[in-house]
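**Q** Each chain, letter by letter, is given below.
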Amino acid sequence: GQSLEQPSEVTAVEGAIVQINCTYQTSGFYGLSWYQQHDGGAPTFLSYNALDGLEETGRFSSFLSRSDSYGYLLLQELQMKDSASYFCAVLTGANNLFFGTGTRLTVIP
Amino acid sequence: DSGVTQTPKHLITATGQRVTLRCSPRSGDLSVYWYQQSLDQGLQFLIQYYNGEERAKGNILERFSAQQFPDLHSELNLSSLELGDSALYFCASSGHIQGRNTGELFFGEGSRLTVL
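Just so you know, the protein sequences line up as chains A and B, in that order.
The letter at position 62 of the first sequence is residue 62 when you use the working numbering, and the numbering goes up by one with no holes.
The letter at position 2 of the second sequence is residue 2 when you use the working numbering, and the numbering goes up by one with no holes.
Extracted from the complex, chain A is given alone in its bound form (with noise of 0.2 angstroms):
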């Protein structure tokens, strides 16, 4: 099966740079996605790690090392708006995306 530990809740200070971390145990792990999902929306892709190191788009920034089942993701200049709930997810040998348990992040003035 599969398991993902990520941290409940984190809070920041608007402009602040936060880390969320996911460690995971899979069988048959193709890559590592994050993913966002504001109260009530849809969750929406972020980002893929199928490599090992750090893949930066804007603000966010995504990383992984295999060889310590850890990933995490970066967000830089935090703003308001990225108040939300965010997820990693763990690609399987089945072309399947098994989720973790989110993390609520909430920035604060």
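Hints may contain errors.
[Said to hold, decoys possible] Restraint ranges, calculated between C-beta atoms of paired labels, are given here:
#1 B:P70 - A:G41: 40 to 48 angstroms
#2 A:M80 - B:G52: 27 to 35 angstroms
#3 A:D52 - B:L116: 28 to 36 angstroms
#4 A:P109 - B:S65: 32 to 40 angstroms
[What the hints assert, rightly or not] A short list of chain A residues far from chain B (calculated; beta carbon distances all over 12 angstroms):
#5 Q2
#6 Q6
#7 E14
#8 Q25
#9 Y48
#10 N49
#11 L54
#12 D82
#13 V90
#14 L91
Think of the hints as simulated: they come from the structure by calculation, not from any bench.
Owing to the predicted nature of the structure, the values given are computational and were not obtained by experimental measurement.
Think of the CB as a built atom: it goes at the ideal place given N, C-alpha and C, for glycine as much as any other residue.
We have chain A already, so just place chain B on it with the hints.
**A** Chain B in isolation, oriented as in the chain A frame:
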């Protein structure tokens, strides 16, 4: 707009009843995934279809079933409904590169089911 369409957006029904949720994937996407999200919970994978064939099953109850039709739309059937089935049901579709999921799913807006 993700390009994935789900209907109905909201549904209220009674215990013991049966409902059908419908999903149209993005144009050109062959894979359809169904997820369940209960209040303040993560996304629980239910089932995946690829080009009309069931590809994988997650924690889908026996009371639930799904299918993908030749035009690639999919339906999720929920029967003998219980209070605990109240949740948001998301459909997602994905493209593939050489048969592999790219890690990016496109989600519909969800169908919110309330069982009373």
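**Q** Each hint needs a verdict: does it hold in this structure or not?
**A** Now for the hints, and whether the structure bears them out:
1. B:P70 - A:G41: 40 to 48 angstroms: Once the Cβ atoms are compared, 31 angstroms apart, the range 40 to 48 angstroms for G41 (chain A) and P70 (chain B) is violated.
2. A:M80 - B:G52: 27 to 35 angstroms: 44 angstroms, violated
3. A:D52 - B:L116: 28 to 36 angstroms: 49 angstroms, violated
4. A:P109 - B:S65: 32 to 40 angstroms: 48 angstroms, violated
5. Q2: 9 angstroms, violated
6. Q6: It is violated; Q6 (chain A) is separated from chain B by about 9 angstroms at its closest Cβ, not greater than 12 angstroms.
7. E14: 24 angstroms, holds
8. Q25: 15 angstroms, holds
9. Y48: Non-interface label on Y48 (chain A) violated, nearest chain B Cβ at 3 angstroms vs cutoff 12 angstroms.
10. N49: 8 angstroms, violated
11. L54: 16 angstroms, holds
12. D82: 19 angstroms, holds
13. V90: Given a closest Cβ separation of 9 angstroms, the condition is violated.
14. L91: Since the minimum Cβ distance to chain B is about 5 angstroms, L91 (chain A) lies within 12 angstroms and the statement is violated.
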